[in-house]
Amino acid sequence: MTNSDNLKGMTLIVKTVSRLTVGLIMLFGIYIVVHGHVAPGGGFAGGVIIALSFILLMLAFGKEKALEKIPKAVASFLEGFGALMFLGLALLGFSGGYFFANVFGRGEAFKLFSAGEIPLYNIIISIKVCTGLFAIFLVLVLLKFESKLKGK
Amino acid sequence: MFLMIICAVLAVEIKDLFSSVIAVGAVGLCLCVIFLILKAPDLAITQLVVEVLCLMILIRATIRRDLPFSTSGRWFFNTFITIIFVAMFLSLGSFCLKELPSFGHPIMKVSKFYLDQGAKISGATNLVSSIMLDFRVYDTFGEATILFTAVLAVMTVMRRRARKDVNEPEPKDDQ
Amino acid sequence: MSAYFLCLVLFAIGLYCVVRKRNIIKIIIGIMISEYAINLLFILFAYRKNGRAPLFSEGLEIKNMVDPLPQAVVSTAIVIGLAITVLTVAIALRIYEKYGTFDITRIRRLKG
Amino acid sequence: MKLIPFFVIIPLSCAFIITLFRNRLRFLPGLLCVFSTFLLLGLSIHTKGSLAEGVSFVYKVGNWMPPIGISLVIDGLSSFMLVVINLIAFVVALFSIEYMKRFTARWNFFALFLLMLGGTNAVVISGDLFNLFVFLELASISSAALVAFGTEHEEIEAAFKYLVMSVVGSLFVLLAIALLYSYTSTLNMADIAMSLQAGSAGILIPFVSVLFIMGFGLKAGLVPFHAWLPDTYTAAPTPVSALMSGVFTKSLGVYTLMRILFNVLGVTPQLSKILMVLGALSMVFAVTLAVGQWDFKRLLAYHSISQIGYVVMSIGLMTPLGILAGLFHLFNHSTFKSLLFLNAGAVEYAADTRDLNKLGGLRKKMPVTGNTSLVASMAISGIPPFNGFWSKLMIILACVQANAIGFAIWATLASILTLVSFAKLQKFAFFGALPEQLKNIKEVPLLMRLPMIVLALICTFGAVLLLSPVAGNFLQPAVRVLLDGQLYAFRVVEALR
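In order, the protein sequence lines correspond to chains A, B, C and D. Here the first sequence is numbered in my numbering, starting from 4 and rising by one per residue. Here the second sequence is numbered in my numbering, starting from 22 and rising by one per residue. Here the third sequence is numbered in my numbering, starting from 158 and rising by one per residue. Here the fourth sequence is numbered in my numbering, starting from 704 and rising by one per residue.
Hints are not guaranteed to be accurate.
What the hints assert, rightly or not - Calculated pairs, DSS-like style, for lysine-lysine (alpha carbon to alpha carbon, straight line, at most 25 Å):
#, chain 1, residue 1, chain 2, residue 2
1, D, LYS1142, B, LYS133
2, B, LYS130, C, LYS206
3, B, LYS130, D, LYS763
4, B, LYS119, C, LYS206
5, B, LYS133, C, LYS206
No lab work stands behind these hints, which were simulated from the structure alone.
Pulled out of the complex, with its shape left as it was, chain A reads as follows (with noise of 0.2 Å):
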């Protein structure tokens, strides 16, 4: 990390290959994701994935850029709102008879569409994940640039 060049992003050799990489390691989170029930992985180590492509973004090509594809409103709406559909998901089993109750079908082994809920569960999390951390990484950075600028 050089020298307070964050706000306009790195030299040209850093952006071309992160250009590069940005897609495939999303891609990455993505298949992690959604095969978190039948490979190792989950929501969890998914949405993490992608919210570091993203920070691999921010850190590039500076925090603008970023912002551009994930505004900061939206990153927290989804934050709440991936918050709220666990808890509605959680609460649709009641139509099963209890709290939690697992009400789709199961589904066959081995196949991508299987296993009721699991899938579901693993998406909205990684969201939940993905816009958490993108969010905490942002707010700790603007501070950071803020008391730099405090103290010159």
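Chain A is fixed; fit chains B, C and D onto it per the hints.
Leaving out everything else, chains B, C and D in the frame of chain A:
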């Protein structure tokens, strides 16, 4: 395992903050490898990713900060008490460990059910995932809520100004 | 057995770091190390000799899997650890901003 | 008993809704907070009313049988705790609507408040060790954020101290859970109790108990582990310190400790001795420190430690009278200590200072605050008609009955010192001459006065709870649960059938 402990001691004792953060990263990576050896691939992935994130945040926090190092007056006394406490803890703990089932042979009373029936009932082939998100999904709900709380908490802590007059309107956007 | 003991040693190192070190970042590091130690302990408890990972694959009957419950528990614990670390770092940054130091001996507004 | 999970659903969903709307609807956060706490209060009283003595309700989350899935358990003790928690939370929520106008980002406060409340409720109804740990963390993280709400020097420092201490406490708890899991291979509390009854000679169970005592003792603020408590209560916004002192240390520290030691691990005479000594130590040590304090809230914080000491010591006696007295004192302490903290908040709101040297003569200017604080002070120092007197009397009687005369003497001594320090508080804050700069001070708004009046009424007529028909429904089932010890597991199994 030994490598982990060495790294941990390094992390604690190194005077340079930045190096000690890197040493913690090494501990975390060793942990990740050990998880793989102990057949826990899910955890290895999660641990790796979390480790990277923690390191990034810690590095942002420590880079270009001062490195104060001071010893207080009662240094010897405090260290003495701490060491006695730690030694007592370790010796008692090692006695306790003798009563546990030996390494590599867990009892697995409840887990037998998961192994025998888990995949059939839940329909997920990843047993860890099926426990996390089906049998014990309430825990995962708590975990997601904790993360949510942490985001809210960081936003709360990082507000630019916190106090205002009673009749003053709410300021527009603070973080 | 010795693996368990080493785990306890790791935990004790973290604890020592929390109690004795004067630097806030060091305290956070101590907390992280202790957490790692406990997570490792859980997974060690779950290990079975010559065990397999708790994943079923098609057309293959697997006996002797390791205990999956602690793995689920630990993955929750890791996330909790992440949340705690993030919050402590945020508070530490804020302390740095207010006091200009990470040294807790110099942060003495409140008398203990 | 389909309603049990709503103790968690209501606060958490309200918190999520608040964060969705943020500032867009100005009145929504406070209104939602008060509404949901009111709902919870009604729900907890309903639960308490419909619970027969000696019966446990078990709710299977997701329709899995308990050792496999997670269970929620409600019995006499937890329903008693739920009533206490939600009563105080409702009153404090009402108070904080006006009080929090001095801070920015109020929606944030209410969301965190509800998250903390949800975590506390979930801890109390949980029947699974790891689940208990998860929600314990939820409650402590959100409360640490609430302590740091002011983001000034003191708040941040106190929050850091509190967060580190409570994390160390939870690490001890997690270590104990790991050892127990390896020993019994299950995480369900009833199941663990069952398998421990089969016989456990050895050092492991005492070691685990000591780990639990250290972990939860840190959360409860007993004396060797109390360092975070005065700073935290002093620095936090007043509603938060009222809630933490009234509810938080009790449900996360004392309740969990009792539940695990008495009902899961089984308590031995040595352990009860440890509890009594810890209790007596906190009682006397903290109260002597309290006499010398000049900060309104700091003085109250030290008294919190000391009163928790009363509760722990009395429950540690292990006699029916002792446990009854301890639980009754727990309830009483919740009411009068919250009331005192609310008074401190009102004084701070009106006069903008907490220093007792700068206050004085407030009784004429702020009649409601002055009179309610007089009630609370008399209750906490044990003056006859108020509820504090009865519970302290019972504690001392229980000590004498259990042949622990020494502890009785300590309790009496601590009580006298409490009286001294509160006489000082009243003299410097509410009686005496009005200082020059406080001439045009005004009484606080109605929404702040109402909670104080409600709590003062409860303090005055608290002794009603001891009358046999009321006590039979309210306190006695809770005492039964602790006395029966490991019968807890059989009740749970019975309820599942």
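How the hints compare with the structure:
For the given pair, LYS1142(D) sits about 74 Å from LYS133(B) by alpha-carbon distance, which is inconsistent with the 25 Å threshold. For the suggested pair LYS130(B) and LYS206(C), the alpha carbons sit about 17 Å apart, so the restraint of at most 25 Å is met. A hinted pair counts as satisfied when its Cα atoms are at most 25 Å apart, and LYS130(B) with LYS763(D) qualifies at roughly 19 Å. Simply put, LYS119(B) and LYS206(C) have alpha-carbon atoms about 18 Å apart, close enough for the 25 Å limit, and the pair holds.
For the hint pairing LYS133(B) with LYS206(C), the CA-to-CA distance comes to about 16 Å; that is within 25 Å, so the pair holds.
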